[in-house]
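Sequences listed follow chains A and B, in order. Be aware that the first sequence starts at 1, since it is given in UniProt numbering, and climbs by one per residue. Be aware that the second sequence starts at 1, since it is given in UniProt numbering, and climbs by one per residue.
Among these hints, one or two may not hold up.
Which copy is meant is left open, because identical chains are indistinguishable; a pair holds if it fits in one copy or across any two.
[Stated by the list, open to error] Think about it this way: if two alpha-carbon atoms lie no more than 25 Å apart in a straight line, the pair counts; the simulated BS3-like pairs of lysine-lysine are:
#1 K9 to K333
#2 K242 to K101
#3 K300 to K237
#4 K238 to K41
#5 K110 to K333
#6 K62 to K41
#7 K46 to K333
#8 K151 to K206
#9 K298 to K9
#10 K265 to K242
#11 K167 to K41
#12 K151 to K46
#13 K101 to K238
Just so you know, these hints were derived from the structure itself, not from any lab.
Protein chains: 2
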Amino acid sequence: MSEVQQKGKLAKAASYQLNGVTTEEKNQALQYIAEQLIQDKEVILKENQKDLQEGENNGISKAILDRIMLDDTRIEAMHDAIFQLIDLNDPIGEVLESLEKDNGLRVERKRVPIGVIGMIYEARPNVTIDAATLSLKTGNAVILRGSSSAKYSNQALVASIHQALAKSKLPVDAVQLIEDTSRETAQQLFTLNEYLDVLIPRGGKKLIQSVLQSSTVPVIETGAGNCHIFIDASAEKKLAMKLVLNAKLQRPSVCNAIESLLIHKDWFKEHGLALLKTLAENQVAIYGDENVCAVFSKAKQATEEDWYTEYLDLAISVKLVSSCEEAVNHINKYGTRHSEAIITTDHANAVYFQQHVDAAAVYHNASTRFTDGFEFGYGAEIGISTQKLHARGPMGLPALTSSKFYIYGQGQIRE
Amino acid sequence: MSEVQQKGKLAKAASYQLNGVTTEEKNQALQYIAEQLIQDKEVILKENQKDLQEGENNGISKAILDRIMLDDTRIEAMHDAIFQLIDLNDPIGEVLESLEKDNGLRVERKRVPIGVIGMIYEARPNVTIDAATLSLKTGNAVILRGSSSAKYSNQALVASIHQALAKSKLPVDAVQLIEDTSRETAQQLFTLNEYLDVLIPRGGKKLIQSVLQSSTVPVIETGAGNCHIFIDASAEKKLAMKLVLNAKLQRPSVCNAIESLLIHKDWFKEHGLALLKTLAENQVAIYGDENVCAVFSKAKQATEEDWYTEYLDLAISVKLVSSCEEAVNHINKYGTRHSEAIITTDHANAVYFQQHVDAAAVYHNASTRFTDGFEFGYGAEIGISTQKLHARGPMGLPALTSSKFYIYGQGQIRE
Chain A
1 MSEVQQKGKL AKAASYQLNG VTTEEKNQAL QYIAEQLIQD KEVILKENQK
51 DLQEGENNGI SKAILDRIML DDTRIEAMHD AIFQLIDLND PIGEVLESLE
101 KDNGLRVERK RVPIGVIGMI YEARPNVTID AATLSLKTGN AVILRGSSSA
151 KYSNQALVAS IHQALAKSKL PVDAVQLIED TSRETAQQLF TLNEYLDVLI
201 PRGGKKLIQS VLQSSTVPVI ETGAGNCHIF IDASAEKKLA MKLVLNAKLQ
251 RPSVCNAIES LLIHKDWFKE HGLALLKTLA ENQVAIYGDE NVCAVFSKAK
301 QATEEDWYTE YLDLAISVKL VSSCEEAVNH INKYGTRHSE AIITTDHANA
351 VYFQQHVDAA AVYHNASTRF TDGFEFGYGA EIGISTQKLH ARGPMGLPAL
401 TSSKFYIYGQ GQIRE
Chain B
1 MSEVQQKGKL AKAASYQLNG VTTEEKNQAL QYIAEQLIQD KEVILKENQK
51 DLQEGENNGI SKAILDRIML DDTRIEAMHD AIFQLIDLND PIGEVLESLE
101 KDNGLRVERK RVPIGVIGMI YEARPNVTID AATLSLKTGN AVILRGSSSA
151 KYSNQALVAS IHQALAKSKL PVDAVQLIED TSRETAQQLF TLNEYLDVLI
201 PRGGKKLIQS VLQSSTVPVI ETGAGNCHIF IDASAEKKLA MKLVLNAKLQ
251 RPSVCNAIES LLIHKDWFKE HGLALLKTLA ENQVAIYGDE NVCAVFSKAK
301 QATEEDWYTE YLDLAISVKL VSSCEEAVNH INKYGTRHSE AIITTDHANA
351 VYFQQHVDAA AVYHNASTRF TDGFEFGYGA EIGISTQKLH ARGPMGLPAL
401 TSSKFYIYGQ GQIRE
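Sequences are here, hints too, so could you generate the full structure?
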């Protein structure tokens with residue numbers, strides 16, 4: 001039996017046990033994990049150093065090394081996040097619908113755990129802790145498959161989790177780490193339908209596409225954000241400038257930053273150059289359509305590919321449009337269904353835009369940077385879904401649950 | 001461009017238009033469809049005759065011919081079902097969550113259509129009408145791919161739908177029928193990710209397995225029901241007899257009928273033979289474990305395969321168990337996550353069973369035959385989901401919706 005099969009089987013058995021644990025038992029286990037992380041800090045940091053050393057030897061980029069890096073502050077942040085998680089309501093057991101039938105039959109739809117959650121992710125060891133603790137809070141077992149670039153860190157973190165779980169009422173097997181980080185183990189997870197109820201990939205476009213293409217286990221697609229702001233003809237200049245600069249500059253490397261700007265030609269005539277100049281002054285490379293390039297010499301001509309591109313960097317594509325409808329059609333063609341905004345004082349256009357743009361989050365007169373589980377009040381986040389089934393947008397604890405009909409009878413039969 | 005590609009593209013464009021229609025416009029269109037079906041009844045019945053004739057020539061079984069068959073009563077039932085659907089609440093636009101942040105930002109999660117729904121189904125032409133009308137009520141476009149055995153009927157029904165839609169405010173392209181019923185068009189739908197948001201197969205195990213294995217479009221798994229009743233030691237004899245007979249005999253060919261009986265050995269000692277005799281008197285073939293076969297000569301020895309089998313017929317597998325826990329473990333191993341029941345007067349066992357059995361619907365002291373969208377109060381049903389993501393159990397109108405975050409701002413940026 002392969003490592004993936006073996007750990008899958010253990011996780012499934014643990015998930016059945018988790019159906020019987022109480023909120024208090026889960027929170028107690030989470031507290032033990034938080035405390036164990038602090039206790040094991042030195043070991044964890046030592047193991048993390050090994051990953052960083054290997055990464056440097058392998059020529060991994062500074063940006064990725066920074067994602068792998070752990071220090072006192074980051075481990076304390078993990079600890080604190082777990083205590084925040086403990087304070088969140090336990091969604092399990094919540095009655096979502098209920099019905100009393102004429103024949104006395106009572107039907108209740110209740111929230112239950114999903115079962116076994118598979119996470120495939122890159123670099124960031126904090127995902128190990130996030131995924132494990134959010135899964136446990138919702139009564140799920142989890143199978144973690146991190147990347148080889150963080151393997152020592154992940155092993156140390158999961159060792160701490162196991163030590164904490166051993167003291168708790170929760171089964172130690174509820175958290176499984178796949179130690180073999182070869183491509184084969186990822187492939188094996190894609191078809192582990194017997195033991196896995198859902199697979200959540202977190203990482204780059206390539207990883208996500210490969211999971212979507214090859215997985216027979218249900219997948220929740222997360223992440224990619226080719227986000228737009230549409231500046232309508234009636235947009236106030238100051239407001240538009242402020243929102244565009246925030247959405248592009250505040251943190252260009254994240255998925256809810258904007259990558260593309262659609263500007264109504266009438267607005268552009270009056271304020272376009274000022275906006276483009278400010279962007280350029282902030283080191284933003286501009287890829288414009290022909291109208292933009294004709295009046296702003298620093299802009300490079302955008303290719304068809306640019307409209308699809310998530311730069312995740314100081315770069316933006318800019319296109320002029322003649323109507324709100326044209327903007328919506330462009331977004332529905334090139335967008336990734338993440339976060340999209342309109343800036344306008346025209347109520348009808350705002351309504352049309354928010355109703356017709358096909359995305360998880362549609363904004364009127366605000367920066368797209370708010371799309372996130374904490375900002376939307378979930379107090380936790382396992383990722384941002386860009387698909388439409390099960391969960392859409394920031395996924396908090398309820399996204400890690402399913403439901404079950406409980407039917408209470410006194411001998412009712414169907415006539 | 002293939003037929004599937006072409007119709008996919010048209011459906012997607014129609015789905016964008018459907019984001020702007022009102023409840024009244026949708027209900028008006030549904031009414032036109034209901035009326036058109038009555039108006040076109042003779043044409044539809046004539047086309048249905050062609051399917052029946054071809055089916056007979058091809059040696060299709062009587063049971064399946066009955067599923068294909070339409071008559072006055074069945075068309076009137078379609079008409080009436082549409083008027084019931086009109087009366088149901090429109091779920092679209094419902095505010096599911098809302099939040100006002102300190103900075104004045106208002107975040108609302110609202111129900112929206114999924115987009116384009118693909119239905120792959122066998123025989124039954126009534127699924128054509130059900131799928132089309134439920135999709136329209138929830139603002140979705142739909143691509144229908146029925147089986148060749150009902151192709152004339154399906155074409156006639158969709159012709160009526162198109163005629164009705166042409167009179168309405170809804171786009172005619174919202175309902176697409178794939179006329180080429182070759183295996184290739186099914187395969188093409190499996191990977192039509194560009195235009196299709198979800199694929200719902202309705203039919204036999206083989207169809208569903210092939211969709212699950214090959215589809216890169218998200219799938220909602222429906223249907224298979226290897227359902228159990230567990231008779232606990234403390235079950236009342238009369239109650240147990242009544243529920244088992246109802247769940248097995250009332251309609252053996254449906255997915256919520258039971259296929260397997262688990263009996264606590266203490267109960268069996270006192271009442272087992274009486275129950276088995278009654279089942280046998282009702283022409284039910286019994287496949288028993290060795291304990292059952294040892295005392296009831298009419299029982300045949302069950303094979304390992306029997307515990308997995310959904311007979312959909314007058315047959316049942318019977319196994320003795322020593323505890324509630326053993327029953328739960330058996331169900332979680334062999335069941336299909338559909339409907340499972342315990343008969344007991346022991347409260348703790350009922351709680352344990354309902355909490356630990358992994359199924360869409362878990363019953364205490366009632367027949368499993370109630371698992372269905374109408375019985376559970378949805379007023380409509382597109383299928384019964386046996387998976388855990390998005391929808392579980394009977395799927396009413398809400399199962400055909402997604403959600404979207406609407407964010408209303410006055411210039412808020414992220415600091």
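Checklist entry - Where does the structure disagree with the numbered hints, that is, which hint numbers, in rising order? => result Failing hints, ascending: 4, 7, 9.
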